[in-house]
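Number of protein chains: 2
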Amino acid sequence: MNNEKYSFYLNLINENLSSYVPESLNNQDVISEAMLYSLNIGGKRIRPVLTLEFCNLVCGDYKKALPFACAIEMIHTYSLIHDDLPCMDNDDMRRGQPSNHKKFGEANALLAGDALLTHAFSAVSSANDVSPQSIIKAVSILSECSGVNGMIGGQVLDLKNEGKTVSSDELLTTHTLKTGALIKAACVLGCLAGEADKRQIESAGLYALNLGMAFQVVDDILDVTGDEKTLGKPIGSDSENEKTTFISLYGIDKSYKIAKEYTLRAVDSLSVFDNDITFLKDLAFQLIERKS
Amino acid sequence: MNNEKYSFYLNLINENLSSYVPESLNNQDVISEAMLYSLNIGGKRIRPVLTLEFCNLVCGDYKKALPFACAIEMIHTYSLIHDDLPCMDNDDMRRGQPSNHKKFGEANALLAGDALLTHAFSAVSSANDVSPQSIIKAVSILSECSGVNGMIGGQVLDLKNEGKTVSSDELLTTHTLKTGALIKAACVLGCLAGEADKRQIESAGLYALNLGMAFQVVDDILDVTGDEKTLGKPIGSDSENEKTTFISLYGIDKSYKIAKEYTLRAVDSLSVFDNDITFLKDLAFQLIERKS
Chain A
1 MNNEKYSFYL
11 NLINENLSSY
21 VPESLNNQDV
31 ISEAMLYSLN
41 IGGKRIRPVL
51 TLEFCNLVCG
61 DYKKALPFAC
71 AIEMIHTYSL
81 IHDDLPCMDN
91 DDMRRGQPSN
101 HKKFGEANAL
111 LAGDALLTHA
121 FSAVSSANDV
131 SPQSIIKAVS
141 ILSECSGVNG
151 MIGGQVLDLK
161 NEGKTVSSDE
171 LLTTHTLKTG
181 ALIKAACVLG
191 CLAGEADKRQ
201 IESAGLYALN
211 LGMAFQVVDD
221 ILDVTGDEKT
231 LGKPIGSDSE
241 NEKTTFISLY
251 GIDKSYKIAK
261 EYTLRAVDSL
271 SVFDNDITFL
281 KDLAFQLIER
291 KS
Chain B
1 MNNEKYSFYL
11 NLINENLSSY
21 VPESLNNQDV
31 ISEAMLYSLN
41 IGGKRIRPVL
51 TLEFCNLVCG
61 DYKKALPFAC
71 AIEMIHTYSL
81 IHDDLPCMDN
91 DDMRRGQPSN
101 HKKFGEANAL
111 LAGDALLTHA
121 FSAVSSANDV
131 SPQSIIKAVS
141 ILSECSGVNG
151 MIGGQVLDLK
161 NEGKTVSSDE
171 LLTTHTLKTG
181 ALIKAACVLG
191 CLAGEADKRQ
201 IESAGLYALN
211 LGMAFQVVDD
221 ILDVTGDEKT
231 LGKPIGSDSE
241 NEKTTFISLY
251 GIDKSYKIAK
261 EYTLRAVDSL
271 SVFDNDITFL
281 KDLAFQLIER
291 KS
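First to last, the sequence lines map onto chains A and B.
When we follow the numbering used here, the leftmost residue of the first sequence carries the number 1, and every step to the right adds one.
When we follow the numbering used here, the leftmost residue of the second sequence carries the number 1, and every step to the right adds one.
Some hints could be false.
The list cannot tell twin chains apart, which means a pair is met if one copy fits it or any two copies do.
[To be verified] Using 25 Å as the maximum straight-line C-alpha spacing, the simulated SDA-like pairs for lysine to any residue come out as follows:
(1) K243 / G105
(2) K198 / D129
(3) K164 / D253
(4) K160 / S24
(5) K281 / Q97
(6) K160 / D29
(7) K102 / K164
(8) K5 / T173
(9) K63 / L36
(10) K198 / Q133
Simulated from the structure, these hints should not be mistaken for laboratory data.
Chain A with its partners taken away, still in its complex shape (with noise of 0.2 Å):
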């Protein structure tokens, strides 16, 4: 993602995730310092961008969303912190870096993505330029798409499909869960923080569902075609692990037709925004074509 507009909400982000993290009054700074270590890691934050431009797409004003894109950044990294934990995916390493249980232990672990869930709903609560009845859309929508029917589903599922070939369906199902549904509040908490109206909201949640589809795809080629160094990981997981992934599915080519075909979906669904939508384009178009 190659852009000065990027750049520029990615710093945004970066320059205010930190202000969402209390400060500890009593002694348990540990705490504060094993969410701050996640969040500042780094990453690509595709999610809060999406917040910042759907808002500013739809009233012109992207600073009203800041509090729901650091909430969404924050539910994102407690997930990542968990699924790192022994208990689940067992990653001794994300991004680079020692993941957060092997810096701070198992149980700072634990409570930092449990502090991080918890005060992404403090940063929605926060958004003074927001309408209350959107805070509270907000509030809901957030909650639905990382709980059950949303990202936390997701890992159920795939807890449950580990060394199982699975269905074409149950892998949708499963992406749509554990990827889609979050970029799906990501877009559209910035249409709430923007007082967007039904349609443009459905829209939205279109666009971020068949974005995060194809995202899940190319994640899947990368993970046979990628370069170890440039993805910061190493390749060939899913197989080792007789993961079911699109390439076992469909192999390589198909998936990339496959990828193409979420994308321009989801550039479709923009069509009911009467303004620039060539930013939310490129970035879809860019997703499809990145090396990590």
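Start from chain A and add chain B according to the hints.
Leaving out everything else, chain B in the frame of chain A:
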């Protein structure tokens, strides 16, 4: 807690709690099952009862606070599930039943805790009979009281102090955060649901913190003097784990006096309320005479 009104509230909570656990739409039923298992395993339900009664005290209609009351119990339940995990207290039993991870495995227990925390905020956002401003305030208070400078912070201090002798100040801080903060959220959310004024909200907070401390002192006393059968858990674990408690600092008789002082302070703080405070007064006194 042996009276008709308490039983009425308790039944109302038990009848409604499950409705805030979403049905699994995609074959990930185990997560809902795991959430319901710990929610329905019982308990005194003191926190949500306080939420309902404070709402009743302020506006005469406890029903308005039901979504908030259930949210509080969901947060309490998530904290118990995560506390029992092997990387935390590693407890195999909870209320005489296998703890969540013993029943559903560590990964599902972790996710069930995450999901209860997540959907607690859905519950808050669903409070139809409460003003938007009070719902947003409730989200804010609930996350602050459950977060870094609340319940999670208390858990961090508790882990940090394991096996160490701590000062009475540190003991007070730990309990204020670990136990007091969520009881405070329970009382304050009840006030918010009833659209209380600032003075009432402050008094409810004071009642809660003093009640929470009395509760904790009695917990320490029961760990020495209690009956294992009535308690449903082994006694003597504090001294076995060389934990600093009110007993190790002050002995039994002085600790009982301290619990009584906190209770009197709790009751005193209710003087700003014009309506009948008998229930909250009796509840406070019954809590220090409890045997389990």
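query = Can you tell me if K164 and D253 fall within 25 Å by alpha carbon in one copy, between copies, both or neither?
reply = within (24 Å within a copy, 61 Å between copies)
Alpha-carbon proximity between K160 and D29, which holds within one copy, between copies, both or neither at 25 Å = between (36 Å within a copy, 11 Å between copies)
inquiry  = At most 25 Å between CA atoms: does that hold for K102 and K164 within a copy, between copies, both, or neither?
reply    = Classified as between: cross-chain Cα gap 24 Å, same-chain 29 Å, threshold 25 Å.
key: Alpha-carbon proximity context of K281 and Q97, limit 25 Å   = neither (32 Å within a copy, 54 Å between copies)
message = As a check of your reading, is K198 near D129 (CA-CA no more than 25 Å) within one copy, between copies, both or neither?
response = For K198 and D129, the Cα distance is within 25 Å both inside one copy (20 Å) and across copies (23 Å).
query = For K63 vs L36, is the C-alpha pair at or below 25 Å within one copy, between two copies, both, or neither?
reply = This pair counts as within: shortest intra-copy Cα distance 22 Å, inter-copy 40 Å.
inquiry  = Within, between, both or neither: how does the pair K243, G105 come out at a Cα-Cα threshold of 25 Å?
reply    = between (29 Å within a copy, 21 Å between copies)
query = When no copy is specified for K5 and T173, does a C-alpha distance of 25 Å or less occur within a copy, between copies, both, or neither?
reply = neither (33 Å within a copy, 46 Å between copies)
request  = Tell me, please, which holds for K198 and Q133 at an alpha-carbon limit of 25 Å: within, between, both or neither?
outcome  = Classified as both; 14 Å inside a copy, 22 Å across copies.
inquiry  = For K160 and S24, with the copy left unspecified, which applies at a CA distance of at most 25 Å: within, between, both, or neither?
reply    = between (37 Å within a copy, 14 Å between copies)
The structure fails to meet hints 5 and 8 from the earlier list, while all remaining hints are met.
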